[in-house]
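Student: Construct the entire structure; sequences and hints are all you get.
There are 2 protein chains.
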Amino acid sequence: MAHSTERRNAANREAFGRLCAAEPVLTDVRPAIDVVPGMTRETILTSGPPLAWGDYVGGQRDAVIGGALFEGLADTREDADARLAAGEIKVGGCHDYKCIGSLAGIYTASMPVFVVENRAGANTAFCNMYEGTNPRRLNYGVYDDGVRERLLFVNDVIAPVIGEAVRRAGGIPLKPIMKRALHMGDELHSRNTAASLLFARELFPAMLDQTATRREAVEKTLKALTEDHYFFLRLSMAAAKATADHAHGVEGSSMVTAMAFNCRGFAIRVSGLGDAWFEGPHADVQAKLFEGHSEDEITWMGGESIIAETVGLGGFAQACAFPLQQYQGGTARAMVERNEELYAITIGENPDFHIPFLGYRGTPTGIDVFRVLETRITPAMDIGVAGRDGGQIGAGVVRAPLPCFEAAADAYDTRYSGG
Amino acid sequence: MAHSTERRNAANREAFGRLCAAEPVLTDVRPAIDVVPGMTRETILTSGPPLAWGDYVGGQRDAVIGGALFEGLADTREDADARLAAGEIKVGGCHDYKCIGSLAGIYTASMPVFVVENRAGANTAFCNMYEGTNPRRLNYGVYDDGVRERLLFVNDVIAPVIGEAVRRAGGIPLKPIMKRALHMGDELHSRNTAASLLFARELFPAMLDQTATRREAVEKTLKALTEDHYFFLRLSMAAAKATADHAHGVEGSSMVTAMAFNCRGFAIRVSGLGDAWFEGPHADVQAKLFEGHSEDEITWMGGESIIAETVGLGGFAQACAFPLQQYQGGTARAMVERNEELYAITIGENPDFHIPFLGYRGTPTGIDVFRVLETRITPAMDIGVAGRDGGQIGAGVVRAPLPCFEAAADAYDTRYSGG
Chain V
1 MAHSTERRNA
11 ANREAFGRLC
21 AAEPVLTDVR
31 PAIDVVPGMT
41 RETILTSGPP
51 LAWGDYVGGQ
61 RDAVIGGALF
71 EGLADTREDA
81 DARLAAGEIK
91 VGGCHDYKCI
101 GSLAGIYTAS
111 MPVFVVENRA
121 GANTAFCNMY
131 EGTNPRRLNY
141 GVYDDGVRER
151 LLFVNDVIAP
161 VIGEAVRRAG
171 GIPLKPIMKR
181 ALHMGDELHS
191 RNTAASLLFA
201 RELFPAMLDQ
211 TATRREAVEK
221 TLKALTEDHY
231 FFLRLSMAAA
241 KATADHAHGV
251 EGSSMVTAMA
261 FNCRGFAIRV
271 SGLGDAWFEG
281 PHADVQAKLF
291 EGHSEDEITW
301 MGGESIIAET
311 VGLGGFAQAC
321 AFPLQQYQGG
331 TARAMVERNE
341 ELYAITIGEN
351 PDFHIPFLGY
361 RGTPTGIDVF
371 RVLETRITPA
381 MDIGVAGRDG
391 GQIGAGVVRA
401 PLPCFEAAAD
411 AYDTRYSGG
Chain R
1 MAHSTERRNA
11 ANREAFGRLC
21 AAEPVLTDVR
31 PAIDVVPGMT
41 RETILTSGPP
51 LAWGDYVGGQ
61 RDAVIGGALF
71 EGLADTREDA
81 DARLAAGEIK
91 VGGCHDYKCI
101 GSLAGIYTAS
111 MPVFVVENRA
121 GANTAFCNMY
131 EGTNPRRLNY
141 GVYDDGVRER
151 LLFVNDVIAP
161 VIGEAVRRAG
171 GIPLKPIMKR
181 ALHMGDELHS
191 RNTAASLLFA
201 RELFPAMLDQ
211 TATRREAVEK
221 TLKALTEDHY
231 FFLRLSMAAA
241 KATADHAHGV
251 EGSSMVTAMA
261 FNCRGFAIRV
271 SGLGDAWFEG
281 PHADVQAKLF
291 EGHSEDEITW
301 MGGESIIAET
311 VGLGGFAQAC
321 AFPLQQYQGG
331 TARAMVERNE
341 ELYAITIGEN
351 PDFHIPFLGY
361 RGTPTGIDVF
371 RVLETRITPA
381 MDIGVAGRDG
391 GQIGAGVVRA
401 PLPCFEAAAD
411 AYDTRYSGG
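Residue numbers (my numbering), protein chains in the order written: chain V, 1 to 419; chain R, 1 to 419.
Treat the hints with care, as some may be off.
Treat identical chains as interchangeable: a pair holds within one or across any two.
Using 30 angstroms as the maximum straight-line C-alpha spacing, the simulated DSBU-like pairs for lysine-lysine come out as follows [to be verified]:
hint : residue 1 : residue 2
1    : K288      : K179
2    : K220      : K175
3    : K179      : K220
4    : K175      : K223
5    : K288      : K223
What the hints contain is simulated information worked out from the structure, not anything from laboratory work.
Tutor: Below, the structure is given as structure tokens:
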């Protein structure tokens, strides 16, 4: 039966309304194995539409192998590779486990995850924790003794302190922190400086109880929480995932509810089109690289942090975050123009996330597949840039490729217009 | 002997260099009587060039009387008035005591003050503490049981906790906090949201020791530190005073080193012109008033927080702080234009305070009396607005009046050109 534009618009308004109504609350921090549905000791999650093991290449492949070694599922890289090929170690896509992956997005059973409940619905999302400021990270395709040590520090020191504080606080609503951080120079993807501080402030009173029993851990946790622009990103991602999932599954809606990279390309999911991924190629990134690195090193190893852009943050809130110029290049003028342009492809203006520079206009929120195709304006995303030899080598802005929107539109027409 | 423009420029470059070189460090919190040179039990400090008691009017007069009652120097308002008239209670100007007054700027002997040392020099500045979010404050000309209670809360709860933490931390350098806060939506006069959080973060670890002995006080202090846009203002003011004083007294310099209101008017001090104040009338303020208030209520009761503008902050850093629109009105465009205009009257661009929106250009810093007169552009200042019946009724932007610059230029010519 034909699905009129009017009906599509109504469905998109509903999906947009659900997106805006979500109320993500951090309620716990637990090992993935304890809380992530379907997680097993032998499962490793990674970013993007899942691939057959043989199709994972480069840093993303290295990262999965690193995860297997970290979790003790194999003794050597070769052993891990063989067990992955044999299916003894299973690879899953983060999104299918209600998780959301930063860059390569590696989750193993023992890794602690933030548990974020959407209080406006019944859904929960998870995100694991930031590995720290060192550019060599498992999520950037590196695994060595240093990476292992930093992952264990997260598992054994930071996660228990934060977890206990969060439980004691009775949960920490994330939206109020996010709203406020946007007025303090964050866009909640590549810059989370203020949000990290605001989160630390919420946690601090609830951490006081632990000073008697593990003061050093408390001090180290405080440092980790606030030393970097990135700590809150994982909370922003979990909140965005809980938010986007709340808007997923609206019959007839052409609103994007997830965007993700894997090592092979870029893909989107659409609210009214089930769990299918619509794929396209990688695009060029306008990057600012850390000193000593060059463009030819840039490589793709996955990434789902662009769930932020999916809910009206990150590239869709760049005009909140002029300090990003120092980190990812560009100019304030370009940031404003890019941000304003995105209103042409979104369903509405966010009622909670505001851009002070634009007179507190709500961020452009809810990407409509058809508006992207009509305008040829594609989502702009703030991303970290990985290097061929592993590790983060910079940051930048990338646009989503058109073909995934074309594929989604075709699927939409097939499903809703009987085409 | 004639003083050439060249010599004046050289002197101004020296004064500007000293202004930028200051390194304000918070080293202690103590009652004024213990640390402020010349302070006595019977002294009350207030903002602006000091006046004869009979010349203080309105809210500033009420505030001084309130200070006398708070300190127990008189039993009734009439008693206080009589003792002030008789000189038994002495009124002093904050600046003459190395203090800096917020609005009416009342200091009494028992009030705790931030002790800020300039590590690049030998000078120290002081500022007392924020009374809290209630718009009824002693500094806004109100004194009643509620005001008294909130002042005692500062004296007895907040100041001891912060003081102990600051001493334990071995002092807290303020410039790094201020630099960073400018990238997080603050201009460090009417918006100090990020700086308050950054300051709280510095204090956190040093406060952990006190949780065993006075946990409730620690929690209340944390709340006070971060619940409002204003807590850090007093630190910004003390830092700015320590900074401006470091640049004061440069022979031949026409750079402004202080600006202040009292209830009668506005005044400036100039680096090369000693401690004289050059006065002018009050100007109109472009204000956004809190609900329920009207323009005809606006009144002047002093103010020295514009020391922030004197060192390149506040109105001189408005393009860092677009969220101020909500608080004091205006538009982002007007803020940018106003901020850019001020480069025409300043000696240089601040090497530490940067404006992300302007491509990290340094804030316009060091107001030159002669450039103001040549361009007829006067300093723009972000201020709190007091109401006739006491209390804060809004906030806004005010320009300094030209006559005080004319008076300063005359004095400069007399002194340096034998005119």
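Student: Which earlier hints can't be squared with this structure?
Tutor: none
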